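Asks: Build out the structure end to end from the sequences listed, making use of the hints.
Residue strings, one per chain:
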Amino acid sequence: MSGFWIMLTGALVATCCAVLGCFLVLRRMALVGDAISHAVLPGIAIAFLVSGSRGSFFMLLGAALVGFVAVFLIQLFQSGGVQSDASIGVVFTALFAVGVVLISLNARNIDLDLDCVLFGEIAYVQWNTLEFGALSLGPKAVWLLGLTLLVIAAVVSLFYKQFKLCAFDPALAAALGIPVAVFHYLLMGLVSMATVSSFESVGAVLVVGLLVIPPAAAYLLTDRLGTMIGLAVVIGIVSSVAGYGAAVWLDASIAGCMVCAAGVQFALAFLFSPSHGLVTRRRRLRAAALGGRAG
Amino acid sequence: MTNRNRNVPPLAVSGLTVAYRKKPVLRDVTFEIDERQLVGIIGPNGAGKSTLIKAILGLQPALSGEALIYGKPYKVNRKLVGYVPQRESVDWDFPTSALDVVMMGRYGHLGLFRRPGARERELAMDCLDKVGMADFAHRQISQLSGGQQQRVFLARALAQDATLYFMDEPFAGVDAATEKAIVTLLNELKRNGKTVLVVHHDLATVADYFDSVLLLNGEVIACGPTETTFTPERLQQAYGGKLAFVARSEREPAGAAGNGR
Numbered sequence: 001m002s003g004f005w006i007m008l009t010g011a012l013v014a015t016c017c018a019v020l021g022c023f024l025v026l027r028r029m030a031l032v033g034d035a036i037s038h039a040v041l042p043g044i045a046i047a048f049l050v051s052g053s054r055g056s057f058f059m060l061l062g063a064a065l066v067g068f069v070a071v072f073l074i075q076l077f078q079s080g081g082v083q084s085d086a087s088i089g090v091v092f093t094a095l096f097a098v099g100v101v102l103i104s105l106n107a108r109n110i111d112l113d114l115d116c117v118l119f120g121e122i123a124y125v126q127w128n129t130l131e132f133g134a135l136s137l138g139p140k141a142v143w144l145l146g147l148t149l150l151v152i153a154a155v156v157s158l159f160y161k162q163f164k165l166c167a168f169d170p171a172l173a174a175a176l177g178i179p180v181a182v183f184h185y186l187l188m189g190l191v192s193m194a195t196v197s198s199f200e201s202v203g204a205v206l207v208v209g210l211l212v213i214p215p216a217a218a219y220l221l222t223d224r225l226g227t228m229i230g231l232a233v234v235i236g237i238v239s240s241v242a243g244y245g246a247a248v249w250l251d252a253s254i255a256g257c258m259v260c261a262a263g264v265q266f267a268l269a270f271l272f273s274p275s276h277g278l279v280t281r282r283r284r285l286r287a288a289a290l291g292g293r294a295g
Numbered sequence: 001m002t003n004r005n006r007n008v009p010p011l012a013v014s015g016l017t018v019a020y021r022k023k024p025v026l027r028d029v030t031f032e033i034d035e036r037q038l039v040g041i042i043g044p045n046g047a048g049k050s051t052l053i054k055a056i057l058g059l060q061p062a063l064s065g066e067a068l069i070y071g072k073p074y075k076v077n078r079k080l081v082g083y084v085p086q087r088e089s090v091d092w093d094f095p096t097s098a099l100d101v102v103m104m105g106r107y108g109h110l111g112l113f114r115r116p117g118a119r120e121r122e123l124a125m126d127c128l129d130k131v132g133m134a135d136f137a138h139r140q141i142s143q144l145s146g147g148q149q150q151r152v153f154l155a156r157a158l159a160q161d162a163t164l165y166f167m168d169e170p171f172a173g174v175d176a177a178t179e180k181a182i183v184t185l186l187n188e189l190k191r192n193g194k195t196v197l198v199v200h201h202d203l204a205t206v207a208d209y210f211d212s213v214l215l216l217n218g219e220v221i222a223c224g225p226t227e228t229t230f231t232p233e234r235l236q237q238a239y240g241g242k243l244a245f246v247a248r249s250e251r252e253p254a255g256a257a258g259n260g261r
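Which chain is which? The protein sequence lines are A and B, in order.
Read in my numbering, the first sequence has 241 at position 241, and its numbers run on one by one without any break.
Read in my numbering, the second sequence has 100 at position 100, and its numbers run on one by one without any break.
Worth flagging that the hints you see were computed from the coordinates, not collected in a lab.
Remember, it's a predicted structure, so these values are computed and weren't measured experimentally.
Positions of the beta carbon are idealized from the N, C-alpha and C atoms, including for glycine.
Check before you lean on any hint, since a few could be wrong.
[What the hints assert, rightly or not] Covered, in the sense of this in silico footprint (three residues per stretch, anywhere, with C-beta under 8 Å from a C-beta of chain A), are these stretches of chain B:
{"id": "1", "segment": "51 to 60"}
{"id": "2", "segment": "81 to 93"}
[To be verified] Okay, derived cross-link-like pairs now, DSSO-like style, lysine-lysine, Cα gap no bigger than 27 Å in a straight line:
{"id": "3", "chain 1": "A", "residue 1": "LYS161", "chain 2": "B", "residue 2": "LYS75"}
{"id": "4", "chain 1": "B", "residue 1": "LYS79", "chain 2": "A", "residue 2": "LYS161"}
{"id": "5", "chain 1": "B", "residue 1": "LYS130", "chain 2": "A", "residue 2": "LYS161"}
{"id": "6", "chain 1": "B", "residue 1": "LYS190", "chain 2": "B", "residue 2": "LYS180"}
{"id": "7", "chain 1": "B", "residue 1": "LYS75", "chain 2": "B", "residue 2": "LYS22"}
{"id": "8", "chain 1": "B", "residue 1": "LYS190", "chain 2": "B", "residue 2": "LYS75"}
{"id": "9", "chain 1": "B", "residue 1": "LYS190", "chain 2": "B", "residue 2": "LYS79"}
Replies: This is the structure:
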């Protein structure tokens, strides 16, 4: 049973991340996802200090708020003349450092250690269950992630055409009267939410892997946005299941194995994708050259 | 079109000033465009041609002045306006098909929640057909040539079903076949009572393509019918003598074509 909960948690994290990651990758903002996942740390720490519990609503709210602040600061620095990669680097490392300081200051009296924040403790997910009277309703993390996924799925499917046009051609989107800035911050808000819901199980560092790798692999496999999102979700879920299997077999970090599994799938897509694959393309070129010589 | 007051011009810009980081790009731009006109926006690099379009469409904030579309602010009459951005402004590796891009022209008419359906698909196919791209409807957009991509952009503007169009350098880097297709399309739009403003660079073809010109270089140098406005003197003035070599080599054909009309 424990394996089931761990794989389900991983699959939920991967699905949340894959859907949002597609839009990040297409907007060339993969690193903003990275930035948010690190920058929410002080929000998590402060909310933890205030509410005294993990996985609470407060924590989600606090972290999402700091995520917004991070995105806002990145934009502010960029429009103030700082290079875009530098402003991302400045904001996320500085905020992350604030989080590290806050946690280490209070390490003696609170149950929130840095290892857990950075790399997650997906193996312990099953012990922290939601109780309703005498009834156990399953792990809290699963409920939290399920809710997050529901929100993400609802928002993205309601405003799919807006998200798509803002990613492809923001100028036309603005000319048509779509509030581009609102949808930008909405996407960033969802990314913060996904990151915070995931940090307990896979941690702030590895969540980026699930945010970027499955969409990047899916991008190589299709020419349609809808298919890309679907494939990214499938790759994410396979990563979670295969990663857990590998972790049990090797007796290694579960979250680490999950992201490794995503990496392996990306490598396969990069080499063997029917349209973009390195090996496939080279073979096609050789066939064309031979065909030309024969003809 | 019957309910529109014929005296209201499709576009009236007055006192428009735009600056990027304190550096003024457009100063006190004032002009009016009549209905059923193909208008060329002409001027040297950095003259603010694209900025002018972006300011009119509210994509670039203006320091002062206003632009009225059929007598009302752009926000009110948004649906009467079609826009073709520069081709390089988007990522052509985006996972989407030509048909899909054209359907994006309908998003403004669909409202907040409605998704494009069979009707939009059909309309988009018609628009692709008008630019001779029906056979490429399901191609991924990165597999199209530059000229074909430009035609997809034009089809998307047609799908917007507007009466006033802004096109930012549609002729830039396209092959002869596409150039011809665009000219045919422009004339068809005009026949159907539309007004089109086109940012254009090739001075040799201005007299052949456009009824009116707007000569721009930070401010309006001249605006009016091509025969009387597109003169070597005004051109020299717009290009500020900086492009003396170009002006000299273009002077003959431009003058000749202007006289021929």
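Asks: Taking the hints in turn, state whether each one holds.
Replies: Here is what the structure says about each hint:
Against chain A, the segment 51 to 60 of chain B contributes 4 residues with a C-beta closer than 8 Å to a partner C-beta. That satisfies the three-residue criterion, and the hint holds. Requiring three or more residues with a Cβ within less than 8 Å of a Cβ of chain A, the coverage given for the segment 81 to 93 of chain B holds, as 6 such residues are present. For the hint pairing LYS161 of chain A with LYS75 of chain B, the CA-to-CA distance comes to about 20 Å; that is within 27 Å, so the pair holds. With a C-alpha separation of about 17 Å, the suggested pair LYS79 of chain B and LYS161 of chain A falls inside the 27 Å cut-off, and the hint holds.
With a C-alpha separation of about 24 Å, the suggested pair LYS130 of chain B and LYS161 of chain A falls inside the 27 Å cut-off, and the hint holds. At roughly 16 Å between alpha-carbon atoms, LYS190 of chain B and LYS180 of chain B fall within 27 Å of each other, so this suggested pair holds. Distance hint between LYS75 of chain B and LYS22 of chain B is fulfilled; the C-alpha atoms sit about 26 Å from each other, no more than 27 Å. A threshold of 27 Å between alpha carbons decides the hint, and for LYS190 of chain B with LYS75 of chain B the separation of about 24 Å falls inside it, so the pair holds.
Annotation: proposed proximity of LYS190 of chain B to LYS79 of chain B holds, straight-line Cα distance about 18 Å (limit 27 Å).
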